[in-house]
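Sequence lines, in order, name chains A and B. Numbered per this note's numbering, the first sequence spans residues 1 to 98. Numbered per this note's numbering, the second sequence spans residues 1 to 105.
Worth flagging that the hints you see were computed from the coordinates, not collected in a lab. Small disclaimer: the values here were computed from a predicted structure and weren't measured. It is possible that part of the hints are untrue.
Computed spacing ranges between beta-carbons, pair by pair [what the hints assert, rightly or not]:
hint, chain 1, residue 1, chain 2, residue 2, range
1, B, Trp39, A, Gly80, 35 to 41 Å
2, A, Gly34, B, Ile83, 38 to 44 Å
3, A, Gly12, B, Thr75, 41 to 47 Å
4, A, Arg41, B, Leu12, 24 to 30 Å
5, B, Val37, A, Gly44, 24 to 30 Å
6, B, Gly62, A, His93, 29 to 35 Å
7, A, Arg61, B, Glu20, 40 to 46 Å
8, A, Gln71, B, Glu80, 23 to 29 Å
9, A, His93, B, Trp39, 22 to 28 Å
10, B, Gly82, A, Gly80, 32 to 38 Å
11, A, Leu20, B, Thr75, 26 to 32 Å
Covered by chain A, according to a simulated footprint, are these stretches of chain B (three or more residues, beta-carbon under 8 Å) [as the list claims (entries may be wrong)]:
hint, segment
12, 49–57
13, 89–101
Idealized CB from N, CA, C, for every residue including glycine.
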Amino acid sequence: MPEVERPDFARGDRVRIIDLAKPGHVRTPMYVRGKLGVIDRYCGRFENPEERAYGHIGGTRIPLYRVRVMQRDLWPDYQGSNGDSLVLEIYQHWLKPA
Amino acid sequence: MPERLITDIGGLPAGEVPREEVPQLFWEKHMIAMFNVLWGKGIFNLDEFRRTVESTPPDEYGRSTFYGRRLDGMTDLLVEKGIIDRKELTERTERILREGTRDHA
Numbered sequence: 001m002p003e004v005e006r007p008d009f010a011r012g013d014r015v016r017i018i019d020l021a022k023p024g025h026v027r028t029p030m031y032v033r034g035k036l037g038v039i040d041r042y043c044g045r046f047e048n049p050e051e052r053a054y055g056h057i058g059g060t061r062i063p064l065y066r067v068r069v070m071q072r073d074l075w076p077d078y079q080g081s082n083g084d085s086l087v088l089e090i091y092q093h094w095l096k097p098a
Numbered sequence: 001m002p003e004r005l006i007t008d009i010g011g012l013p014a015g016e017v018p019r020e021e022v023p024q025l026f027w028e029k030h031m032i033a034m035f036n037v038l039w040g041k042g043i044f045n046l047d048e049f050r051r052t053v054e055s056t057p058p059d060e061y062g063r064s065t066f067y068g069r070r071l072d073g074m075t076d077l078l079v080e081k082g083i084i085d086r087k088e089l090t091e092r093t094e095r096i097l098r099e100g101t102r103d104h105a
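Next comes chain B alone, as it looks inside the complex:
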């Protein structure tokens, strides 16, 4: 038996599905915009993007959000393709978080 993809949850017990609307954060809009540019320009294709999102370790997937796991998947793919450098990304992310953003005071 192959392992079930972490995204392949059809028919599994799910409990109550939360129905409330969650406000969209600024970085989440940026994430979708960046995704659309990279996908639209053919830097990556949708199937390899899905593959990296599906590779999220189960415990991390459980803790992650809709946008968070897509950001991580997109980042992993850009690192895999040699377009961005993981170390540089980490350093710049830490600097931005120190200085504060619209979402992280």
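So that you can see chain A by itself, here it is in the shape it has in the complex:
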């Protein structure tokens, strides 16, 4: 993906965190895969850690976002407030529009 392209998502967009089922070093934890979230902010572009983990540096920089997921959507037995959420950083290729 050329770096001049605009990021696919903007603050407030609804997204689903997908499960790429990719082996090796990945930064998307299992417990958020398949969950719905909302883009909290666009963080900028960064080299893909999945490539950097194998010594490939200087590769294409890809969009990274902070994604907000509601705690009640993550944990079926969540006891806290309905408004509690978790914000975590997810690279664009792990997201699709929802």
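Chain A is fixed; fit chain B onto it per the hints.
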């Protein structure tokens, strides 16, 4: 389904989390200092360091400590990159342990 990374434990049953403070050993401070130098100078990057720590076999990971698995991951990476020699490292480690350290009398 991909295998879950050994570090990816969010949401798994964990039991009671020990809350007591554990004193830091001298070698652990050295380990962090060495890590900062090697990372800071670009000898390795954080993602490949994480990859080697995540490659720790599960039974070994269960027995290891915070600093121990990071030391092993860092060592594996330096061997992989041809910066240190595994045999030489083992011999020198054994000699140091025989002679005693601040942490190993």
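How the hints compare with the structure:
no.: 1; hint: B:Trp39 with A:Gly80: 35 to 41 Å; verdict: 36 Å, holds
no.: 2; hint: A:Gly34 with B:Ile83: 38 to 44 Å; verdict: 40 Å, holds
no.: 3; hint: A:Gly12 with B:Thr75: 41 to 47 Å; verdict: 46 Å, holds
no.: 4; hint: A:Arg41 with B:Leu12: 24 to 30 Å; verdict: 29 Å, holds
no.: 5; hint: B:Val37 with A:Gly44: 24 to 30 Å; verdict: 27 Å, holds
no.: 6; hint: B:Gly62 with A:His93: 29 to 35 Å; verdict: 32 Å, holds
no.: 7; hint: A:Arg61 with B:Glu20: 40 to 46 Å; verdict: 43 Å, holds
no.: 8; hint: A:Gln71 with B:Glu80: 23 to 29 Å; verdict: 39 Å, violated
no.: 9; hint: A:His93 with B:Trp39: 22 to 28 Å; verdict: 26 Å, holds
no.: 10; hint: B:Gly82 with A:Gly80: 32 to 38 Å; verdict: 50 Å, violated
no.: 11; hint: A:Leu20 with B:Thr75: 26 to 32 Å; verdict: 30 Å, holds
no.: 12; hint: 49–57; verdict: holds (count 3)
no.: 13; hint: 89–101; verdict: violated (count 0)
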